[in-house]
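Peer 1: Next come the chains, spelled out residue by residue.
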Amino acid sequence: MKANVWYGKEQLRVEEVPDPRILNPRDAIVRITSTAICGSDLHVYGGFIPGMLAGDIIGHEFMGEIVEVGSGVNNLKVGDRVVNPFPIACGGCFFCQQNQHSLCENSNPNAWAAEKLWGHSPAGLFGYSHLLGGYAGGQAQYARIPFADVGPIKVPNSLSDEQVLFLSDVFPTGYMAAEQCNIQPGDTVAVWGCGPVGLFSIKSAQLLGAGRVIAIDRFPERLRKAGEAGAETLNYEQVDILEVLADITGGRGPDACIDAVGLEGHSHGAFGAYDRVKQTLMLESDRPPSLRQALKACRNGGTISIPAVYGGFLDKVLFGSIVNRALTLRSGQTHVQRYLSPLLKLIEEGKVDPSFIITHTLPLDQAPEGYRMFRDKEDSCIKVVLKPWAEAPTLGGEELLASDESEEGGGRQKPHLH
Amino acid sequence: METQFTHSGFGQSPEQRGAASLETSPSYREPHRRYPRRYEMPNLDATTLAQGLGWFSVALGAAAIFAPRSVGSLAGVGRDRGGMVRGIGVRELATGIGILTQRNPAPWLWSRVVADVMDLAVLATGLRPGSATRGRVAVSFTAVAGILALDALAASHLTKHAGHPLVSGVAAPTDLYFETSIATAKSPEECYRFWRNIDNLPRFMQSLESVKALDERRFHWVAKGPALGSMEWDCEITEDRPGAALAWRTLNGAQVPNAGSVIFEPAAQGRGTIVRLSIHYSPLGGRLTAALAKLLRHDPQARVREDLRRFKQLLESGEIATTHGQPTGRRSFIGRAARRWGLTNSN
Numbered sequence: 175m176k177a178n179v180w181y182g183k184e185q186l187r188v189e190e191v192p193d194p195r196i197l198n199p200r201d202a203i204v205r206i207t208s209t210a211i212c213g214s215d216l217h218v219y220g221g222f223i224p225g226m227l228a229g230d231i232i233g234h235e236f237m238g239e240i241v242e243v244g245s246g247v248n249n250l251k252v253g254d255r256v257v258n259p260f261p262i263a264c265g266g267c268f269f270c271q272q273n274q275h276s277l278c279e280n281s282n283p284n285a286w287a288a289e290k291l292w293g294h295s296p297a298g299l300f301g302y303s304h305l306l307g308g309y310a311g312g313q314a315q316y317a318r319i320p321f322a323d324v325g326p327i328k329v330p331n332s333l334s335d336e337q338v339l340f341l342s343d344v345f346p347t348g349y350m351a352a353e354q355c356n357i358q359p360g361d362t363v364a365v366w367g368c369g370p371v372g373l374f375s376i377k378s379a380q381l382l383g384a385g386r387v388i389a390i391d392r393f394p395e396r397l398r399k400a401g402e403a404g405a406e407t408l409n410y411e412q413v414d415i416l417e418v419l420a421d422i423t424g425g426r427g428p429d430a431c432i433d434a435v436g437l438e439g440h441s442h443g444a445f446g447a448y449d450r451v452k453q454t455l456m457l458e459s460d461r462p463p464s465l466r467q468a469l470k471a472c473r474n475g476g477t478i479s480i481p482a483v484y485g486g487f488l489d490k491v492l493f494g495s496i497v498n499r500a501l502t503l504r505s506g507q508t509h510v511q512r513y514l515s516p517l518l519k520l521i522e523e524g525k526v527d528p529s530f531i532i533t534h535t536l537p538l539d540q541a542p543e544g545y546r547m548f549r550d551k552e553d554s555c556i557k558v559v560l561k562p563w564a565e566a567p568t569l570g571g572e573e574l575l576a577s578d579e580s581e582e583g584g585g586r587q588k589p590h591l592h
Numbered sequence: 019m020e021t022q023f024t025h026s027g028f029g030q031s032p033e034q035r036g037a038a039s040l041e042t043s044p045s046y047r048e049p050h051r052r053y054p055r056r057y058e059m060p061n062l063d064a065t066t067l068a069q070g071l072g073w074f075s076v077a078l079g080a081a082a083i084f085a086p087r088s089v090g091s092l093a094g095v096g097r098d099r100g101g102m103v104r105g106i107g108v109r110e111l112a113t114g115i116g117i118l119t120q121r122n123p124a125p126w127l128w129s130r131v132v133a134d135v136m137d138l139a140v141l142a143t144g145l146r147p148g149s150a151t152r153g154r155v156a157v158s159f160t161a162v163a164g165i166l167a168l169d170a171l172a173a174s175h176l177t178k179h180a181g182h183p184l185v186s187g188v189a190a191p192t193d194l195y196f197e198t199s200i201a202t203a204k205s206p207e208e209c210y211r212f213w214r215n216i217d218n219l220p221r222f223m224q225s226l227e228s229v230k231a232l233d234e235r236r237f238h239w240v241a242k243g244p245a246l247g248s249m250e251w252d253c254e255i256t257e258d259r260p261g262a263a264l265a266w267r268t269l270n271g272a273q274v275p276n277a278g279s280v281i282f283e284p285a286a287q288g289r290g291t292i293v294r295l296s297i298h299y300s301p302l303g304g305r306l307t308a309a310l311a312k313l314l315r316h317d318p319q320a321r322v323r324e325d326l327r328r329f330k331q332l333l334e335s336g337e338i339a340t341t342h343g344q345p346t347g348r349r350s351f352i353g354r355a356a357r358r359w360g361l362t363n364s365n
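Chains as they are written, first to last, in our numbering: chain A, 175 to 592; chain B, 19 to 365.
Treat the hints as calculated values from the structure; they're not laboratory data.
It cannot be assumed that every hint is accurate.
In silico DSSO-like links for lysine-lysine, alpha-carbon gap of 30 Å or less [claimed, not checked]:
id, chain 1, residue 1, chain 2, residue 2
1, A, K290, B, K204
2, A, K452, A, K328
3, B, K204, B, K230
4, A, K183, A, K251
5, A, K251, A, K519
6, B, K230, A, K290
Work out the full structure: start from the sequences and follow the hints.
Peer 2: Put into structure tokens, the structure is as follows:
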């Protein structure tokens with residue numbers, strides 16, 4: 175099969191690799207019809223995620239059709255159309271029993287290594303370093319899904335791939351970020367970063383009853399999407415965020431702050447340069463400008479929710495703000511399994527159409543270009559969907575590819591083309 | 019004091035600690051003797067004392083057998099009671115050999131206690147007023163009473179720690195020792211049942227090839243050796259408390275003598291079980307090799323920790339998470355080395 179393989183910092187190649195096979199009774203093999211590049215994949219691309227090895231197949235947002243099931247999987251059969259959550263969870267351990275699937279104790283075969291770094295090991299993830307299990311990822315034509323009786327959710331044919339694909343990660347991630355804010359009617363929620371997770375955080379905050387949602391970014395097209403999603407927008411290159419947030423809330427600060435930026439955060443001036451130097455010299459692993467700002471902006475007793483990825487050590491983070499102002503910090507890899515059914519219902523009811531974030535659809539062969547475009551925000555890139563079975567690129571500046579109808583089944587909509 | 023099944027109530031709710039100390043709840047597990055943690059290890063002085071008493075028995079026995087008259091005279095029982103003194107000598111010799119050679123010296127020490135009481139009774143008859151040797155008898159009586167105290171001390175201590183690898187002579191005090199534990203969502207009974215079924219052991223103990231039952235309590239183990247080839251040994255179960263604990267030790271002739279115990283401790287508020295494993299072992303090649311192995315993450319402690327993880331995975335999810343055999347791109351030298359040295363499970 176074809177797969178997108180990581181060979182080092184900014185080195186991706188789509189290559190022919192062996193097909194996956196069933197390794198455990200509760201495995202299933204899925205033929206992938208759509209997969210996406212996640213913002214967190216950019217951290218892998220940029221070499222910020224420790225524990226990657228040359229030859230790793232990456233990608234963790236994927237869906238498709240079940241083509242093989244192990245003897246221990248009773249709830250799926252060949253031919254089922256499923257979306258797969260990015261954390262791998264056994265369903266039987268202490269954490270799974272509490273629906274905290276991304277903390278599953280039994281799915282990381284390299285748990286000892288994660289324990290060395292973080293003290294304890296979270297669940298294994300698809301295509302996200304050997305610290306998190308070393309599982310082959312989903313930017314490929316096929317993938318093996320461990321504990322397939324717990325993870326994947328069947329989706330109706332009336333919905334297109336583009337509508338349900340983001341159940342695998344970014345929609346639940348944005349939703350959990352908003353849910354963790356414990357939003358009360360009328361709350362003001364500020365969201366740093368208007369990438370896919372930020373956009374879903376905005377949508378979800380509104381669904382959960384926020385009075386005002388304020389979106390912060392610097393790319394006009396992202397701010398435009400945020401505005402379309404119903405947020406008020408701030409461009410941090412044009413205004414002083416702390417001043418404006420205080421002003422909007424009468425000096426009190428937002429009730430909740432969501433950091434959807436993560437370890438490659440961008441800031442200008444002396445602090446921005448300082449972070450880049452320190453990160454380059456490996457004196458800090460992560461650049462956290464958005465988190466620093468949120469710690470100052472949030473109202474007393476408010477909540478800071480962090481769906482963004484941070485991997486290691488952060489510098490100049492104002493911890494005293496948490497203590498003296500009674501802030502609550504919430505974070506975690508998303509417990510996707512917990513949100514699949516309720517969020518699928520929202521999609522079926524037409525309350526949310528997740529496909530609004532897609533800006534580009536590419537054949538899998540063009541995954542490396544997709545990463546570069548996404549990282550450089552080239553051509554207003556916000557979300558790239560990859561089609562593993564699409565024929566070799568038609569290419570040209572404008573993309574691409576109408577996915578072939580016969581393969582996708584007649585009932586579904588065409589993918590968005592922008 | 020009997021060691022509690024739960025050690026020092028650590029990590030338990032106040033209610034449970036209360037239940038453990040007051041024994042108010044009838045459902046609370048009966049106190050259980052476990053192989054103690056490092057700081058609760060048997061007092062090695064008591065083991066030394068027992069050895070001393072063993073040699074004392076042998077010496078006294080030999081003297082009484084070969085020079086009954088002198089011994090009788092010295093003790094104040096008279097030169098004419100040689101037969102009785104010789105009898106006592108045989109008894110002493112047998113007891114001494116028992117203490118020095120048997121894995122569990124405690125019963126032999128208790129037999130010394132009984133013998134001491136008998137001797138005191140005999141000597142008491144010599145304490146009658148007017149007895150010519152009353153002075154000597156009084157000295158002997160005091161000496162035997164003192165020895166009785168020592169015997170009782172050693173016997174009770176070694177009884178408390180009976181089965182401990184250090185007491186039973188399986189492990190030497192210089193052996194390596196470690197403990198590790200893992201929390202599972204299953205009940206102590208389920209954990210015990212899974213572990214007690216020897217067919218399951220090779221499923222989660224990675225270096226184990228097979229276990230065969232020789233009889234009810236003895237088993238033959240075959241494991242992968244550190245280099246090529248395999249190691250085999252026999253071991254026996256020394257303690258078997260259904261739903262609570264298992265302990266075992268290797269029988270004579272094992273290449274790597276070891277002894278261990280696993281305890282299935284109920285976690286607070288019905289939150290499953292904390293499986294606690296402790297192992298004593300004499301490493302092949304001694305401590306230096308053991309230190310080197312540790313550097314390479316090939317030491318028994320790291321391996322046993324992974325074994326426990328697999329035990330938990332099998333119990334809770336029915337399988338062991340793996341990526342071995344999944345597709346990858348071309349591996350670099352580092353990637354192949356990581357696989358080779360077990361730093362990643364993936365191929």
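Peer 1: Now look at each hint and say whether the structure bears it out.
Peer 2: Hints and how they fare:
no.: 1; hint: A:K290 <-> B:K204; in the structure: holds, 26 Å
no.: 2; hint: A:K452 <-> A:K328; in the structure: violated, 46 Å
no.: 3; hint: B:K204 <-> B:K230; in the structure: holds, 26 Å
no.: 4; hint: A:K183 <-> A:K251; in the structure: violated, 39 Å
no.: 5; hint: A:K251 <-> A:K519; in the structure: holds, 22 Å
no.: 6; hint: B:K230 <-> A:K290; in the structure: violated, 36 Å
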